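A.B. asks: Now for the letters of each chain:
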Amino acid sequence: MTTELQIRKLDRAFDQLDVSNNGQLERDDLIGLGSRMILGFGQSPTSAKGKEVLDGFDTFWNRLAADAKIERDDALSPAEFRDAMISAYIKSDAFDVSFRPVAQAVAKLTDIDNDGRLGPAEFRTMQIAFGTSAENIETAFAALDRSGDGQISVEELVEAAREYYTSADPQARGNLLFGPL
Amino acid sequence: MTIHLGSLEAIEGLDAPCRRHPFEPRLHDALAPDSGARFAAMASRALPESDLATAVLFGQWIGWFADFDDQRDDGPLGSDTARLNRRYRDLLATVDRSPTQRYPRGGDEAFAGLWRQTAPRVGPQWTHRFRIGLREHWRGSLIEAANRQSSRVPTPAEFVQLRRITNGAMVLLLPEAMLRVDVPWRLAQSPAWRALVDACNDVVGWCNDLASVQRESARGDIHNFVLVIAHALGVSRASAAARVRERIARRMLDMHHAARFLPSTFDSLGLDRRTACDVSRVAVTFLATPRGHLEWLRESSRYAQKAA
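Chains F and Y are the protein sequences, given in the same order. According to my numbering, the first sequence is numbered sequentially starting from 2. According to my numbering, the second sequence is numbered sequentially starting from 10.
No lab work stands behind these hints: they were computed from the structure. These numbers come from a predicted model, not from an experiment. Glycine included, C-beta positions come from ideal geometry on N, C-alpha and C. Heads up, some of the hints might be wrong.
Listing some non-contacts, in silico: residues in chain Y with all C-beta distances to chain F over 12 Å [to be verified]:
id, residue
1, 25
2, 92
3, 98
4, 104
5, 107
6, 189
7, 205
8, 225
9, 236
10, 241
11, 289
12, 292
Partial chain F-side listing against chain Y, Cβ under 10 Å, derived [said to hold, decoys possible]:
id, residue
13, 22
14, 25
15, 34
16, 43
Produce the entire structure from the sequences given, and follow the hints as far as they go.
C.D. replies: Next comes the structure, spelled out in structure tokens:
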């Protein structure tokens, strides 16, 4: 059974992904978000990293559309998005197939110098694209920086995404991926 | 002399294949009568996220621009200034016409048809910018015609400015209309946006010149960056092509550098998140354009050497 915590996180996720702010999630919203992220890191859709981000959002959207039984160019209401996410990533274990790719792509995009780790500046650039406030960005980074060394590994960020979008554990660090809930 | 485009794919930003439209075969069917030029292939890569009708519209625009270029480069428009001026006045009259006015017969009906479908997709500021671009394109065409008549070869610096006008003054406004995004005037005039568009324009124009140099040289046209540099420096075409390739690599860096400044430009202009994401889609389309153009050059027969 889906917990109130999971629903709260998914509802917040909807608001972050609905960049057009029209109360509907469309594929164009994800492409817009991906585009904004790519720009922030000076990449292009024809660089390996940029292409991986957009391809990842495509894979993610295709899974949501399939679970919601809509066409590629249709839209999802907040409730439909929540139900599709629950179906795909909480009740099923499709995370590795259709969510991990985009999470890894975003994490690798954020890792500007390809050393497998992200500093506060890189993390901030990624979070700004999601519309996260400056205060929440700082809180999120502190929560995910387990070792306290001012760095988050790419894998830690991907794991945080998995916890945020799927975990029912109120103690999971990933719940703070975008700051306090 | 064969220009190898493959080496360009080692340049960062040109190194990953383009995303392509999921309905590309239907795009080819819709744009089939293009004699091997394969503008559908270009449209597929330029607008992989758009609906089919929009990608078809873009492909039709590219076909129109290619035909217009051929009329100016190979046909009477390239040397008949009076005819050239009449043509541009007709195009401007179409752009200036209100949506309720009828388009007169005898003009460029293909352009009028494309304009009717395109202008309503964006606001009046875009039309204003297109009008400016069209006038600049007119000015560039007159300069080229004068150069041909006097056999004057422009300097490399002159050519860069001229090529930007004749290559991209109008066509690089199309992504906004195709994506239905009104790029705010202040953003369009900002240094970062202008730098991004100019760099994209240069890379595409110069890659095109690498591919078309044999064709243009054969007809005695000097409006090609390889030929301009060979003339200016007194070097072989192979050496000039290598220099053009180096400049392309530098402009790709410039383009990505400009793109990095766009988010802070969005902030300084106070763009809301929705607008920032919308204009990001346009910017990302520019960033993908050089690779898309390169892939199209490989597939298109437009610059293939015809057998004697």
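A.B. asks: If a hint holds in the structure, say so; if it doesn't, say that too.
C.D. replies: Results for each hint:
no.	hint	verdict
1	25	5 Å, violated
2	92	40 Å, holds
3	98	38 Å, holds
4	104	28 Å, holds
5	107	30 Å, holds
6	189	10 Å, violated
7	205	9 Å, violated
8	225	27 Å, holds
9	236	28 Å, holds
10	241	31 Å, holds
11	289	4 Å, violated
12	292	6 Å, violated
13	22	5 Å, holds
14	25	13 Å, violated
15	34	6 Å, holds
16	43	4 Å, holds
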